[in-house]
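Modelling step: build the complete structure from the supplied sequences, incorporating the hints.
Read top to bottom, the protein sequences are chains L and U.
Anchor point for the first sequence: position 63 equals 63 in the UniProt record's numbering, and the numbering is continuous, going up by one each time.
Anchor point for the second sequence: position 183 equals 183 in the UniProt record's numbering, and the numbering is continuous, going up by one each time.
Mixed in with the good hints, there may be bad ones.
Since copy identity is lost for identical chains, a pair holds within one copy or between any two.
Unchecked claim - Pairs of lysine-lysine residues, derived as BS3-like cross-links and limited to a Cα-Cα distance of at most 27 Å, are as follows: (1) 239 to 212; (2) 12 to 123; (3) 239 to 122; (4) 111 to 212; (5) 156 to 3; (6) 154 to 240.
Derived by calculation from the structure, the hints in this document are not laboratory data.
Note that the structure is a prediction, hence the values are computed from the model and not measured.
Listed here are the chains, written in short residue letters.
There are 2 protein chains.
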Amino acid sequence: MEKIEEINEWLKNNRLKGIKFLQLLVQERSTRGEESRAQAIIVEKLRELGLQLDIWEIGNEGLKSHPHYCSDRDNYNGNPNVVGVLKGTGGGRSIILNGHIDVVPEGDLTKWEHDPYSGVIKKGRLYGRGATDMKGGTVSLLMAIEAIQSLGIKLKGDVIFQSVIEEESGGAGTLAAVLRGYRADGAIIPEPTNMKLFPKQQGSMWFRITVKGRAAHGGTRYEGISAIEKMIIVVEQLKKLEEKRNEGITDPLYAAAPIPIPINIGKFYSGEWPSSVPDIAVIEGRIGIAPNETIREAEKAMESFLMSLGGLDDWFINHPPEIEWFGGRWLPGNLDSGHELMEIISASFQQVMKKEPRIEASPWGTDGGILSNVGKIPVVVFGPGVTGSAHETNEYIVLEDMISTAQIIALSLLKWCGSDDDRG
Amino acid sequence: MEKIEEINEWLKNNRLKGIKFLQLLVQERSTRGEESRAQAIIVEKLRELGLQLDIWEIGNEGLKSHPHYCSDRDNYNGNPNVVGVLKGTGGGRSIILNGHIDVVPEGDLTKWEHDPYSGVIKKGRLYGRGATDMKGGTVSLLMAIEAIQSLGIKLKGDVIFQSVIEEESGGAGTLAAVLRGYRADGAIIPEPTNMKLFPKQQGSMWFRITVKGRAAHGGTRYEGISAIEKMIIVVEQLKKLEEKRNEGITDPLYAAAPIPIPINIGKFYSGEWPSSVPDIAVIEGRIGIAPNETIREAEKAMESFLMSLGGLDDWFINHPPEIEWFGGRWLPGNLDSGHELMEIISASFQQVMKKEPRIEASPWGTDGGILSNVGKIPVVVFGPGVTGSAHETNEYIVLEDMISTAQIIALSLLKWCGSDDDRG
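What follows is the structure, encoded as structure tokens:
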């Protein structure tokens, strides 16, 4: 039997085991600061698979003083990063398989049809916070490793499985893993891409813009300067900046994205009293960073845009909007589509799915930005989750895709790392 | 000596006493819920003047069930309304002299040059929260009464002095006084008008508008509908509604006001996460009510405006903005400029100030709306405070104006109420 068939067979026979494992993981709420119990489940599985375990609490000085460390979390105690290494027999390419264990908060509970941590299965979908982003992807990785182990296949290159914390809050977990010395010849991150392949990814970072006005009584509002009105000018102009920044992006991988690197205004806060003219307004948002752009270039683009507003409205000459770069920051990723890791995953996809994979640029940042920019590791983001379901209520994953992804990754490991018996 | 000269003389001699009294009042912080100590100072003064005292805690069922009761305060215990009546000898017109004891919060303390409750005097100005709005006006009233009492002048009509709570929060104090039975042939409210006479006043009420969007990840913001963007449409259109509503106001009293009845957006709140498309946005504001307009008419104008937005943006057809009328509500006032109370105050102004008074429509609501609409009492708003200083940091009053206003009010009382010896 060909290895592809053996793996196919194994996954068919162990389908339910994998699904049960995902259910277990989803049922363990692992929001920020609460990752330990879900990590314990991962650790148990890695032990079962006989991987070399590395479990450590991140947050040392080397991490905190790193220029790409970006976190407001002061305490990582008890919620470790977990790495399991499957040592190769030698002579093959190594690979990092990276998944994050943290999930975003469940949001408005009343909008969930089931408890967000039920892991309920209906019509081939498993529901729950984290099912798609990205515990399902992590299960694909672990099933791929388990299939290879169970079938007695020996890989030549090392497989470094990582279950990190903090992806949703700026990537400190993956950064810590890179700084701990984990490097490899390639990496796969099974974030929810709808099984598309993302060799490139948009980076992003958060900003806060503050605009001042002049207070007045609402009954004589013409005596004041409304910070809301001035901020609306900023918001409208930001759309033009977004337009201009996106005009420059001609990469065909972005053909399907209406706005390759969006500027999103996520918050708008101003005023304290209905009948006063507000004298301060604040927006918070995220600016997309192009794959070939640096953080600093994006910052500069925004800063010079804000400087230019004085030409549009005299008020801004003496009261220029102020910008802070705070909170989340995700580095862009920029792998050539012709990279051999891409070719191998594409070929495996085609073998399993009997069709060409869709290759696009990621519309959002992932820890791939850290692996590629800091770790200098070629990264492909490719996973089974439903893109539109991430961070949403009633988040779900299509279980069939999770199994297919496990199969594609197992095949890719054979080809990338090589195996003693190179039938793959 | 003519009465005008006697009063002039008395005020000159008692100038410092009045200023000290204002200082005492300003030093007693009387923000909402903390009115008792300042009221105690008023009570002491009324006792000294020999007025018939009526001190009561408002908040009975009759008040709370009144259609114009508008308050979110559940407890008035220990912070009474205070009324002092100077009974006339009979046969004259009665008058209500109404001042509110509540002051708005002091705001950003770092912006105050002195402690907001210092009552410090510099270059003829007394500084402090409430100095202008409207403890200075209240002192003008009390000095006028004291001058008349001290000079042994007997008025024919009753003078009903009121020191009410809750003006800054919807007028429950004055409404309670009306419902307790206090009516008169006329009323003066010495709110800070810069010594202008306001026979008419803009009413106003608060509104809250909620607009829904559809959440999405900021990196694919085009998949969502930003509630901020939709709310900006509402804000921009509200300016057109304001324009339309003000086109209809041709009263010459509004000639000096760029916008007679403004719509002010005082708050804009939306979003919780920089990299999410916000699915809900809320604004709070106040809409000005024309002197000849009813509350219900203004509500209807706003409600049908919101209904019309569907014609402008399809999103609003299935997601119409929702409006709530909440919190503050101030009835408009609409006294004919030729009313005898106006004529008497104007003439007294001219006698004291040696110039014509400026007569305008008030750009903001006062308790005059309640006195005139509910109590059916002709009301003139006229006081010594500095309009632009009300609710501001470093609030102040020009002390000379406080004394001049006392004189004008004293003369007006002689003429309006009549006196036994009708030399006035």
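Against the structure, the hints:
{"no.": "1", "hint": "239 to 212", "result": "both (20 Å within a copy, 20 Å between copies)"}
{"no.": "2", "hint": "12 to 123", "result": "within (18 Å within a copy, 91 Å between copies)"}
{"no.": "3", "hint": "239 to 122", "result": "neither (41 Å within a copy, 50 Å between copies)"}
{"no.": "4", "hint": "111 to 212", "result": "between (37 Å within a copy, 15 Å between copies)"}
{"no.": "5", "hint": "156 to 3", "result": "within (15 Å within a copy, 112 Å between copies)"}
{"no.": "6", "hint": "154 to 240", "result": "neither (55 Å within a copy, 73 Å between copies)"}
Going down the numbered hints, you'll see the structure goes against 3 and 6, while the others check out.
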